[in-house]
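Working from the sequences, and respecting the hints, build out all of it.
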Amino acid sequence: MDIFIQQIVNGLTIGSIFALVALGYTMVYGVMKLINFAHGDMVALSAYVGLVLYTQFVGSGMPQAFIIILVFLITALIIAAAGVILERLAYRPLRNAPRLSAVVSALGASMLIQNGIMLYWGPNILTFPIGIFPETSWVIFGATITFIQAFMLILTVVLMVSLTMFINFTKYGTAIRASSINQDAAKLMGINVNMVVTIIFIIGAVLGSVGGLFIGIYYRGIEFTLGWNYGLSAFIAAILGGIGNIPGSMVGGYLLGLFTALISGYVSSVWAEAFTYILLIVILIFRPTGILGERVAEKV
Amino acid sequence: MSENLLEVKDLVVSYGSIEAIKGISFDVKKGEIVSILGANGAGKTTTLRTLSGLLKSKSGQIIYEGTDITKVPAHKIVAMGISQSPEGRQVFGTLTVEENIRLGAYTKKRADKETQEWIYELFPRLLERRKQLAGTLSGGEQQMLAISRALMAQPQLLLLDEPSLGIAPILVNMIFQAINKIASTGVTVLLVEQNAKAALKLADRGYVLDVGHVTIKGNAKDLLNDPKVQEAYLGKKG
Ligand SMILES: Nc1ncnc2c1ncn2[C@@H]1O[C@H](COP(=O)(O)OP(=O)(O)O)[C@@H](O)[C@H]1O
Ligand SMILES: [Mg+2]
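Chains as they are written, first to last, in this note's numbering: chain A, 235 to 534; chain B, 64 to 301.
Hints are computed from structural coordinates only; laboratory data are not their basis. Fair warning: this is a prediction, and the values are worked out from it, not measured in the lab. Don't be surprised by glycine CBs; every beta carbon is placed ideally from N, CA and C. All clues stand as given, with none of them false.
Cross-link-like lysine-lysine pairs, in silico, DSSO-like; alpha carbons within 30 angstroms at most:
id, chain 1, residue 1, chain 2, residue 2
1, B, Lys280, B, Lys264
2, A, Lys405, B, Lys176
3, B, Lys194, A, Lys267
4, B, Lys171, B, Lys244
5, A, Lys405, B, Lys119
6, B, Lys134, A, Lys405
7, B, Lys264, B, Lys72
8, A, Lys405, B, Lys171
9, B, Lys134, B, Lys171
Estimated spans, in silico, between C-beta atoms of each pair:
id, chain 1, residue 1, chain 2, residue 2, range
10, B, Glu82, A, Ile303, 53 to 61 angstroms
11, B, Asp175, A, Leu341, 43 to 51 angstroms
12, A, Leu334, B, Ile81, 18 to 26 angstroms
13, B, Lys244, A, Thr404, 28 to 36 angstroms
14, B, Ala142, A, Val337, 32 to 40 angstroms
15, B, Ser88, A, Met429, 32 to 40 angstroms
16, A, Leu334, B, Lys194, 39 to 47 angstroms
Pasting the structure below:
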C-alpha cells in the first residue's frame with residue numbers, strides 16, 4: 235500500500251512535466267493542425283538555459299527564493315522569444331504550403347536545436363547542483379513528498395488553472411478557441427490569426443520552459459537528447475488526452491505519469507516505456523480521438 | 064444623390080490558374096440593399112470572400128468609403144465597418160451562442176449593449192438558447208446566429224452569403240424579414256442569393272453573375288420582370 239501511494243505521488247510529479255509539455259503540442263496543433271516537433275527540443279533548451287542562469291546567479295548574494303523565481307522568469311522569457319522566432323522562421327512561411335513541407339520543417343527545426351545544444355554544451359550529461367531547493371520532505375499516508383515535488387505539483391496546478399481561465403473566460407482565450415475551430419470565420423470576426431498563433435507559441439514555450447526546468451531540478455542530469463525522450467512522452471500524453479484538446483492534455487499528462495510510475499513501481503522501470511506504447515495502442519483502438527476526444531460534434 | 068459606399072472595379076480572382084471571377088464591376092450605395100444573384104459556381108462566394116479580405120485578388124480594385132481596401136487583411140476589414148455572415152453559416156459550433164455573439168464584437172473595446180439587445184429582439188430564439196453550444200442549433204438558428212455575430216461588429220456594410228441556403232421555409236421568411244429590419248436601421252446590405260425571387264423582392268438593385276462575369280444588372284423590379292432573369296433564375300419559361 236505504501237508503494238502504491240508513493241508511486242501515485244511520483245506519478246503526479248512526472249505527470250506534471252508531461253502535462254506541461256503536452257500542452258505546447260496540443261495548443262499549436264489545435265490552431266495550426268501541425269505537430270511542432272521542435273517543441274521537445276525547446277524544453278531541452280530551457281533546461282540548459284536554466285542551468286546557465288542558476289550557475290550565474292548562485293552565490294551572488296541574492297536570496298535563494300529570489301534566484302529561483304528569476305531563473306524561471308528569465309528562462310520563460312528566452313524560450314518564449316525562441317518560440318516566436320521558431321514560428322516565424324520555420325512555420326509561418328509554410329502556412330499555405332502542403333502539409334508535408336511543414337512536417338519536414340518541424341523535424342529540421344528539431345534537429346537544428348538539438349544539434350545546436352550539443353555543439354554549444356557538449357554531448358555529455360550536465361548536472362543541476364544540489365541544494366537548489368530545501369531538503370525538507372513530508373510523510374503523508376506513508377508516502378514521502380519532497381519539497382521539490384510539492385513545488386512542482388503546486389506550480390503546475392497554478393499554471394493549469396490560470397491557462398484554463400485564460401482560455402475560457404478572456405477575449406483572447408475565446409479568440410484562440412475560435413481560431414482552432416475555423417480560421418476563416420475567426421478572421422471574419424476581426425481576429426488577427428497571426429497574432430493568435432504567436433500567442434499560442436508563447437504559451438506553449440512558457441509552459442514547456444517550466445517543464446524543462448522541472449526535468450533539470452527533479453532528475454538533475456540533462457542531456458541534449460532529452461527533448462526527444464520527454465517530448466515523445468508528452469506527445470503521447472497529448473494524444474492520449476485527445477490532441478488539440480487542452481483539458482485532454484492535462485488529463486493525458488497526469489495519466490501517463492501515474493501509469494509510468496506504477497509500472498516502474500510494480501513491474502520495472504525498464505518496462506515502463508513498452509507499457510506506455512501498449513497503453514497508447516489500447517486507448518487509440520477504443521477511443522481513436524483520445525480520452526476526452528473531439529469536443530461535441532456539430533449538428534446541422 | 065447618394066454616394067458609393069463600395070465600388071468594385073474590374074475585379075479578377077483566381078484559384079491557382081483557374082479564374083473564378085473574371086473582371087467584375089459593381090457598386091453599392093449607402094443605405095441600399097444590393098443583391099448578387101447567380102447559379103451555383105457563378106463566383107458569388109468568391110466575390111464576398113475577396114471583399115472581406117479572405118482571398119487576394121489578382122487584379123482590380125475594391126474601394127470602400129473612398130479608400131482602396133484591395134490589399135487590407137481580413138481582420139482589419141472588420142474594424143473598417145464591413146462584416147460578413149459567410150456561406151454555410153460557419154458558427155463556432157463548440158462555443159456557446161453567447162460566446163459566438165461576443166466574438167462578433169471582437170474589434171470593439173466592449174460588446175455594445177444596445178446592439179446585443181436589438182439582436183435578441185430580432186431573433187428571440189437566440190436569447191432562449193444563449194447558453195447552448197452553437198453546434199446544437201438548427202440550421203435556421205445558426206443562420207440567425209451568423210447574422211447576429213456579424214451585426215455585433217456594428218457594420219456599415221453587411222455581407223450576407225446565401226442566408227436561405229438549406230433552411231426550413233418558415234425560417235427563410237423570418238430571416239428575410241430580419242434583413243429588411245436590419246437595412247431599415249441604415250445598414251447597407253450586400254445580399255448574395257440563389258433564391259433570386261426572395262432576394263429581388265427585398266433588394267433595391269441586383270447584379271446577375273454568370274461564370275465569373277456580370278451578365279445582367281439593374282433595378283430589382285426590372286430584374287424580377289426581365290424574361291432572361293425569369294427564365295434562368297426564377298423558374299419561369301419565357
Ligand atoms: N477553394 C477553391 N479552390 C478552387 N476552386 C474553387 C474554390 N472555391 C470555389 N472554387 C471555384 O470557383 C468558382 C466559383 O465558386 P463560388 O464562388 O463558390 O461560387 P458560388 O458562391 O456562386 O456558388 C467555382 O467554379 C468553384 O468550383
Ligand atoms: Mg456560394
